[in-house]
Amino acid sequence: MYRYDQHDQQLVDARVAEFRDQTRRYLDGSLPADEFRHLRLRNGLYIQRFAPMLRISIPYGLLSSQQMRMLAHIARKYDKGYGHFTTRQNIQFNWPKLEEVPDILADLATVQMHAIQTSGNCIRNITSDPFAGAAADELVDPRPYCELTRQWATFHPEFNWLPRKFKIAFSSSTKDRAATRVHDIGIHIVRNAAGELGYEVYVGGGLGRTPIIGLKIRDFLPEPDLLSYCEAILRVYNLLGRRDNMYKARIKILVKEMGLPAFAEKVEAEWATIKDGPLKLKDGDLERMKAQFSQFELDPSAAKDQSYAQKLSEDSAFAAWTRRNLKDHRVPGHKLVFLSLKARGVAPGDVSAEQMDAIADLADRYAFGELRATHDQNLVFTDVRQQDLYPLWQALSALGLATPNIGLLTDVICCPGLDFCSLSNASSIAVAEEIFDRFEDLDYQHDIGSIKLNMSGCMNGCGHHSVGHIGILGVDKKGEEWYQITLGGSSGNDASLGDRTGPSVERAHIADAIQNIVETYLQQRLSEEEGFLACYRRVGMPPFKTRLYAEEAA
Amino acid sequence: MSPLLSKDGTILTDLYPLLPDDQPVPAEGRSVLVPLSRFTEIGRYSGIGLSLPNTTDVLKLPSSVLQLPLLALDFPSFGDGRAYSQARWLSGRLGYRGELRARGQAVVLDQLEMLRSCGFSQFELRNDQNLQACADKLAHPTAVSRRRFPSLA
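Just so you know, the protein sequences line up as chains A and B, in that order.
The numbering used here numbers the first residue of the first sequence as 1 and each following residue consecutively.
The numbering used here numbers the first residue of the second sequence as 555 and each following residue consecutively.
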């Protein structure tokens, strides 16, 4: 965990006091409703279909067991006993009372948490690889860089009133697990030919109504220049980004309209004037930041354990879980463990207060008291010894958190949809459930293999449908819910946007449509080794389209 | 007339009232604030403040503008933050050392600290603002004003 110093705590406490005052002024009528809207959004508070929704920040997805217990407390005391993990590694509560939000924020501040800049036209929560610090394919731990950036962005006085929201993501591994190419700024920590650390910088990516894959603005930015370069990008955007139409206000539209070379020229010119100023990182800045993260010693003898191999041979259900829900750790004898939040009958990403408390206990027992939220709405324990995997699996099974479906078809990314969100056209959660029922048979799912199914209830794209291997988008057709399907999207290193299959399908046929797509893939693939995305990229749309619309034509 | 505050919350007398459109720019004696569109009417008289729209590229202003005693930047709506970056350029990169005044819809209690952090030195409060609360806010900065990464170059 990053541990707050006095300055961090003062900042969060000051915001609680300020927000309490803003709420009071709104309620007594001295703060206009539209201005309170701007101010409360900058504190993560939306007014939704039925009640306010409060989005709490989880910087780069990292949570302590103590913080998880506080979330359980908030779920019980102020909400209906559960919370919803989002695609930006945050958590949302859907039923708080407006008047009680200052108290919730005060409770959060006691465990070094807040809701600062989780919404509004400002720099949002910095996201990163949920495996940071533990991944086998990692160059360096990206979290100290994320934390520096978080501190730079928090209450940045110049960038709190941008044309539109602004999202920054970091990746430091061979495999991009942070969807960096669909962020306003995507940063890859890299080493150059001379062996120096630095950054490959992407700009202008984003989902929503006009999904665009980010373009590389810099091959290599030296390590000390992280913040000054971000500042230069933000300044150019703040001055030149469109403000006449909120759907054209993201930086992706500015980059597209100016063209990358012209945009980059402005950024580089600005950067040249500030790069040697106060934002330049000094020797020791990153070291100090690293030292503020809690360190723990992994067990060097963990790999000598024999019990894991024995349990694998004895218990096939355990073995099935290990095949899907574990990932390799950089230290032998340890594993990264996924807690699946995609169980039958549960909205993707939802966790009850009881589960939160139990997860916190398990984190204390087996995972150094830490856990991560992932951008595909699951949780991860990053540092579990192999000898602890069997009892952990048993405990997770009892909690309904051991569905062995990570990366499979039922591991759906999904927005809250029509049931909660005032923007949505369609019930994404109900459709996710229907798909769960249809594909629940795990043998069938394993046969299909790794596949990303992403679903959004409207074109704002909170469910990242554009970058799903299969994407589903809820659309409104004369008051009825219809679904537009896309194929071939990806948010990984090979990021791409999905192609539309054709006309949208009605609610009653959506599960059939997904099944037709999956069956077409199974027929078309060269072997089990050829995944859905590779197969689609090879054969293209025609066979899928033919199958999908065959019945309508008949 | 809108109340005017200094950066430490002192109530100021406005020495640069906005010149009505139908009046000529004075040649001497009286100091006024005029819009950029009337810049050519300014002679050599130095008692002029200039008001800039938030679409002005301040890097392209003639150097004589940077010699004026007061520049005013505009916030046409509560959520339009372009003038924050203009202020940063003026007070930072361009080294402007005169008074930098914030005017318009965003000059409210909840934005004063951030305005000051970006280099503004005078605040022409929106008319509906509680003067005492605003003066107190500037006189007693919160932690929000003390950032670890100084933004101001």
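The hints are simulated quantities; they were obtained by calculation from the structure and are not laboratory data.
Incorrect hints may appear among the rest.
The calculated DSSO-like cross-link candidates involving lysine-lysine, where the alpha carbons are at most 30 Å apart (straight line), are [stated by the list, open to error]:
#, chain 1, residue 1, chain 2, residue 2
1, B, Lys614, A, Lys275
2, A, Lys165, B, Lys614
3, B, Lys614, A, Lys77
4, A, Lys165, A, Lys311
Consistency of the hints with the structure:
1. B/Lys614 <-> A/Lys275: 21 Å, holds
2. A/Lys165 <-> B/Lys614: 28 Å, holds
3. B/Lys614 <-> A/Lys77: 56 Å, violated
4. A/Lys165 <-> A/Lys311: 48 Å, violated
Of the numbered hints stated above, those contradicted by the structure are hints 3 and 4, listed in ascending order.
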